[in-house]
Amino acid sequence: MPITKVLIANRGEIAVRIIRACRDMGIATVAVYSDCDRAALHVRLADEAWPVGPNPPRESYLRIDTILDVARQSGADAVHPGYGFLAENEDFAAACRDAGLVFIGPSPEAITLMGSKTAARQAAIKAGVPVVPGTEEPLGDDVPDAEVLRIAEGIGYPLMLKAVAGGGGKGMRMVATPDELPGALRAARSEAGSAFGDSAVYLERRILSPRHIEVQLLGDHHGTVLPFVERECSIQRRHQKVIEESPSLAVSPALRRAMTSDAAAVARTVGYTNAGTIEFLLDEDGSYYFLEMNTRLQVEHPITEMVTGVDLVRWQIRIARGERLTLDPETLLIPRGHAVECRIYAEDPDSNFMPSPGRILGLRVPHGPGVRDDSGTYEGGEVPIYYDPMISKLITWGEDRDHALARMRRALAEYEVRGIKTTIPFFLWVLEDADFQASRFDTTFIDRKLGARQGAPLQAIDADHETLAVLAVALDQVTRTPAAARPAASRSLWTSRARHDALR
Amino acid sequence: MPITKVLIANRGEIAVRIIRACRDMGIATVAVYSDCDRAALHVRLADEAWPVGPNPPRESYLRIDTILDVARQSGADAVHPGYGFLAENEDFAAACRDAGLVFIGPSPEAITLMGSKTAARQAAIKAGVPVVPGTEEPLGDDVPDAEVLRIAEGIGYPLMLKAVAGGGGKGMRMVATPDELPGALRAARSEAGSAFGDSAVYLERRILSPRHIEVQLLGDHHGTVLPFVERECSIQRRHQKVIEESPSLAVSPALRRAMTSDAAAVARTVGYTNAGTIEFLLDEDGSYYFLEMNTRLQVEHPITEMVTGVDLVRWQIRIARGERLTLDPETLLIPRGHAVECRIYAEDPDSNFMPSPGRILGLRVPHGPGVRDDSGTYEGGEVPIYYDPMISKLITWGEDRDHALARMRRALAEYEVRGIKTTIPFFLWVLEDADFQASRFDTTFIDRKLGARQGAPLQAIDADHETLAVLAVALDQVTRTPAAARPAASRSLWTSRARHDALR
Amino acid sequence: MQMRIEAGNTLRHVFVQRKNGVYEVTIDGTTHHVDAVRIDPATLSLVVHDAAGGRRSLAAALSPGGAPGAVDVHVAGRRVPVQVQNGSGLGRRREAGATGSGPQRVLAPMPGKVVRVLVKPGDAVTARQGLVVVEAMKMENELRAARDGRVKDVSVVEGQSVDAGTVLVLVE
Amino acid sequence: MQMRIEAGNTLRHVFVQRKNGVYEVTIDGTTHHVDAVRIDPATLSLVVHDAAGGRRSLAAALSPGGAPGAVDVHVAGRRVPVQVQNGSGLGRRREAGATGSGPQRVLAPMPGKVVRVLVKPGDAVTARQGLVVVEAMKMENELRAARDGRVKDVSVVEGQSVDAGTVLVLVE
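Protein chains in written order, with the working numbering: chain A, 1 to 504; chain B, 505 to 1008; chain C, 1009 to 1180; chain D, 1181 to 1352.
By construction, these hints were calculated from the structure, which means they are not laboratory data.
All residues carry an ideal CB built from backbone N, CA and C; glycine is no exception.
Don't take every hint at face value.
Straight-line alpha carbon distances no greater than 27 angstroms define the calculated DSS-like cross-link-like pairs of lysine-lysine that follow [what the hints assert, rightly or not]:
no. : chain 1 : residue 1 : chain 2 : residue 2
1   : B       : K674      : D       : K1293
2   : D       : K1293     : D       : K1332
3   : C       : K1121     : A       : K241
4   : B       : K745      : B       : K621
5   : B       : K674      : B       : K621
6   : A       : K241      : A       : K170
7   : A       : K170      : A       : K449
8   : D       : K1300     : B       : K674
9   : B       : K745      : B       : K953
10  : C       : K1128     : A       : K170
11  : A       : K170      : C       : K1121
12  : B       : K745      : B       : K674
13  : A       : K241      : A       : K117
14  : A       : K170      : A       : K117
15  : D       : K1300     : D       : K1332
16  : C       : K1128     : C       : K1160
17  : B       : K745      : D       : K1293
18  : B       : K674      : B       : K953
Selected chain A positions facing chain B (in silico; Cβ < 8 angstroms) [claimed, not checked]:
no. : residue
19  : G337
20  : R372
21  : R401
22  : H403
Kindly generate the complete structure, drawing on both the sequences and the hints.
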């Protein structure tokens, strides 16, 4: 299956990332864009660009028919879905296949299977991989409270009541003691029934202080599945990852062997191909549990690339065109140095992370050793209101974790975004935290730490900052005539600049 | 010797590079600047900045007295010289030491010793390292032609006649056959005598198609000297390196062992400390010869950083403050992947590489996986006429050489510099060359290839480019009213932009 | 040149003159010696001479704030809101209205969908208490009370789509 | 909108109109359909509809050339010099003088030092032959003849410092 032209069914930084991988391979690229994305970076960098509809995703980036139509018209022979949008939509993967297009991702069957929480859980059990202890069978309305109490005793408290058909926290209840169970059961069943039309629930042990650890995998079409050194993704705000790193300081080499080989076992059980990620919860006692599988490229894939040297998107394409995985399995499990990623969002961290869309009036991006900026925007670019407000992923690499974190602090300090607010001050605050620096955290870390601040500003402004700001504004007014402030040697060039301006 | 504040006695990209390494280590930085560099990037990124005089280097960046004065006033406890300017000036290194400042580099004695060509050659011989075969003793006026012919017979033709006190090509003659020798001897002696006041010459075998291969070293103050995997620096224009890569495809693992251990032996012989580089000529038959030692950080150090993961500037500082080299010697000799560097100059490659100083009106810097841009400038910044016209070093890394070169092509295509001319088209041309791609080259490669073009433009403009340019200019005129060309969703933001402009 | 500049809720009287090649900026009687050059239309490079004879180097980038005369200054890793006062005393910062007295109108900051209404008319609310949750940009955004008060009116219902600027809740 | 634009020594008559949401640009009778939006004051994003129904995406960045009306267009990896003609026919490209007929004045392109003079008055020179070597920016720069001719005058000597624009050699 030769691949000569790839349609990228996505936008933002991940579309840009995929365009770059294609370019490295000499493959042509087709961008698609909604109305408000006409001037977006991914459109400019692609070889071709086609409109796919109005701004709401449902009317453009989620339109399978339109996107396949563009693939046909542009002569693309493959489609990369990125992450989000249609990336885990089995209908899209199947429609691509039916249209004779290579879908750069897993099979529709694998997407369907692992997209179901209970089926994925059963696949893990089949592979001999631990899942969070709980009931395997649904507990319908007909199961009496006494029976549920008996089952709960076997799992142990505290535990979680979850809707079988669940999602988005609906029909979910935490139960701390047996006497709370009957009430919670009634509430969860009722909520699940009205939300999903299915009131069945199941019980799962509640892990109190879990870390979120995940394992990147690649699988080819020749039966090889290779796992990569783990990613530590416990730094989450409201269940959204905000900082990721690789490796995890909580994972010993022995634990790494166990988790990565378990992750590969799950993938092999379902005949998984292309890139995927197995998510685990890691308990304080070192036991770990399969959580779910993401059947796509992850946002945080660059940290794995930094510590293994493998270009994951390139390998997605190579696998899709039928190549064998020729990577050395051992080197994928031995991290070289340490990598950290901060997801920079157009949000105001001092206003409860309110989205801050708009035009980026000024942008200075950090550079230098160990710094990678995967951005989807540019100076003068617009952060639209319709999509995820992540504008960039800042990744740093260092000889060890402290070095990577030091470089992250340096890079964040160099990063300047004007016109919109970003989460950069939030990251600078997290990086100063002694517990974070010592890798003492679990998935509740950020919400606890933020809660404790009770809304106090993340980056305090002191008298020195105020004085500097007043100096800057005063001197800005004084030096408004450009020639007045320029060093002498530059003045002659203002002529050409003026000519340039006159041309505009 | 604690180091808390480093004065960087340099400008441009290397000053920026050193500032970033210091920041990663929590060390304060002091920039110095000449008049025309007041608005330079290194000034803006440093914690402190001091003027050191007028634009000509001799009146500013080469003023040892002024720079030491700034070090004293600013409370710096160490000085980093970068490369060029005072980096290999033994008087400066000694003056720093005398002033109680840590000089981040080798001892003045090592600089003096290896700065002398004949002394360096003798150090190599003492260390048992091959030098280009030739006479060890000077051949004065009193040595008769017959005697010189006898010695030449032992060395073999073609050979080089060089002035003992030589430099800059003066008193140097290529001799192809014995009958050319007497005339060349007369000419060389006469030229050397009038240029240096010393007519003594010596003979050296001429290597016909040499590669320039160099070995990076670090030496600590505890007797450890560690060599790194070689750099391939044969791509030179008029003896100036323009593209470097690591490793060299011409160096086998066995040859690497031999060259790196020889390089370390030379450094150990002279008790060398801090960063240094041993340059070799590699002959077609696999034999190699010590050429000279550079007693400083090299321009091309980042490619070594990319394939070994070692931050060389950080280690320079660690060594200078007395730390032991704790790096694993084995990993330094096993390159991980491949790295390439292109030195981007403000020169017009289509006008005989004429310097092209001036203001950078527009700048778009490449990003993404495997790309590092070590730049000394910024959009709106000025390339002054007084200094080396290198504006940036673009470095790419890949899983192998082809991958690194593919990423370099991608990065160069993304790089946009407006307002001045750069050597980017030259690099795109070199990267297209089949011999370059196959690593079939020696130090004469570029001059030969460029000569063969007889001034034909490096990047031809065809009818399609002209049509696109005409379309662009026409549509630029049509869309001059910003609102006309903006996508609908953006228009509301022009209000704030207008307000912003009004404020200026 | 004389200016009145407000930062951190303090109005400062600023006087600038050029002397011996640097700017002397006097803020409420304290004089700072600063060398300033323009990097681009929005950015200045400042070298501030400190009392101990140091030469601190900083970049300051300015962007327009939300009201006439308001400027956000990005300096030393902070975004500092500053207000340049003109002669007539106009152009107070917009936030003043939100944290001052008078009824508070809670507006939708962007187009989105109301997913939860957390209060009803007559409820007593405290500062930072959540009032309405609006989903936009794939995120749920909780809009909160700026200060203690009582809900006077709730203008939206759950599920309703709202445009930017729609009044959601009135607190007094 | 009608324009006359010169590129590659060919003057083109250009006519632009907006139709069905795209621009129709007719260059010497051939019509191109292009969607254009502005990225920044100097850059346009173009989507050019090709004959086969394709949608080619390109960025074009414009910077001022060396003469009135001259524009350097950075597009598709090339820098293409273009000349916009105004009504009176002024503003021919500057290079025209250098490669056309008439005496050629070889000027110092920047301040520097003359390190070698390679010709003397009366010498016959051929196109691209080196005339003078000027050292500037740590590099030696050889200034060459634009076309065949004879050296009429050499205005500098070796070792002399020159300012930008100094006449070095006159060739006719």
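Cross-check of the supplied hints:
With a C-alpha separation of about 19 angstroms, the suggested pair K674(B) and K1293(D) falls inside the 27 angstroms cut-off, and the hint holds. Pair hint K1293(D) plus K1332(D) holds up; C-alpha atoms about 22 angstroms apart against a cutoff of 27 angstroms. Distance restraint check for K1121(C) and K241(A): the Cα-Cα separation of roughly 24 angstroms lies within the 27 angstroms cut-off, and the hinted pair is therefore satisfied. Our distance criterion of 27 angstroms between C-alpha atoms is met by K745(B) and K621(B), whose separation comes to about 20 angstroms.
For the hint pairing K674(B) with K621(B), the CA-to-CA distance comes to about 15 angstroms; that is within 27 angstroms, so the pair holds. Between K241(A) and K170(A) the CA atoms are separated by roughly 20 angstroms; this keeps the pair inside 27 angstroms, and the hint holds. For the hint linking K170(A) to K449(A), the alpha-carbon distance of about 26 angstroms falls within 27 angstroms, and the restraint holds. A C-alpha spacing of about 24 angstroms is found between K1300(D) and K674(B), which places the hinted pair at or below 27 angstroms, so the restraint holds.
This hinted pair checks out: K745(B) and K953(B) have alpha carbons roughly 15 angstroms apart, not beyond 27 angstroms. A C-alpha spacing of about 23 angstroms is found between K1128(C) and K170(A), which places the hinted pair at or below 27 angstroms, so the restraint holds. For the proposed pair K170(A) and K1121(C), the alpha carbon gap of about 19 angstroms is at most 27 angstroms, so the pair holds. Restraint check: the Cα-Cα separation between K745(B) and K674(B) comes to about 21 angstroms, which is no more than 27 angstroms; the hinted pair holds.
For the suggested pair K241(A) and K117(A), the alpha carbons sit about 20 angstroms apart, so the restraint of at most 27 angstroms is met. A C-alpha spacing of about 14 angstroms is found between K170(A) and K117(A), which places the hinted pair at or below 27 angstroms, so the restraint holds. Proximity of K1300(D) to K1332(D) is assessed by CA-CA distance (about 8 angstroms); at most 27 angstroms being required, the pair is judged to hold. For the suggested pair K1128(C) and K1160(C), the alpha carbons sit about 8 angstroms apart, so the restraint of at most 27 angstroms is met.
A threshold of 27 angstroms between alpha carbons decides the hint, and for K745(B) with K1293(D) the separation of about 24 angstroms falls inside it, so the pair holds. Straight-line distance between C-alpha atoms of K674(B) and K953(B) comes to about 26 angstroms, which keeps the hinted pair within the 27 angstroms bound. The criterion of a C-beta within 8 angstroms of any C-beta in chain B is met by G337(A), whose closest approach is roughly 5 angstroms, and the hint holds. At about 7 angstroms, the closest approach between the beta carbon of R372(A) and any beta carbon in chain B falls short of 8 angstroms, and the interface hint on this residue holds.
At its closest, the beta carbon of R401(A) sits 13 angstroms from a beta carbon of chain B; the interface hint therefore is violated under the 8 angstroms criterion. Satisfaction of the interface hint for H403(A) is found here, the shortest Cβ-Cβ separation to chain B being roughly 7 angstroms, below the 8 angstroms cut-off.
Of the numbered hints given earlier, the model fails hint 21 alone.
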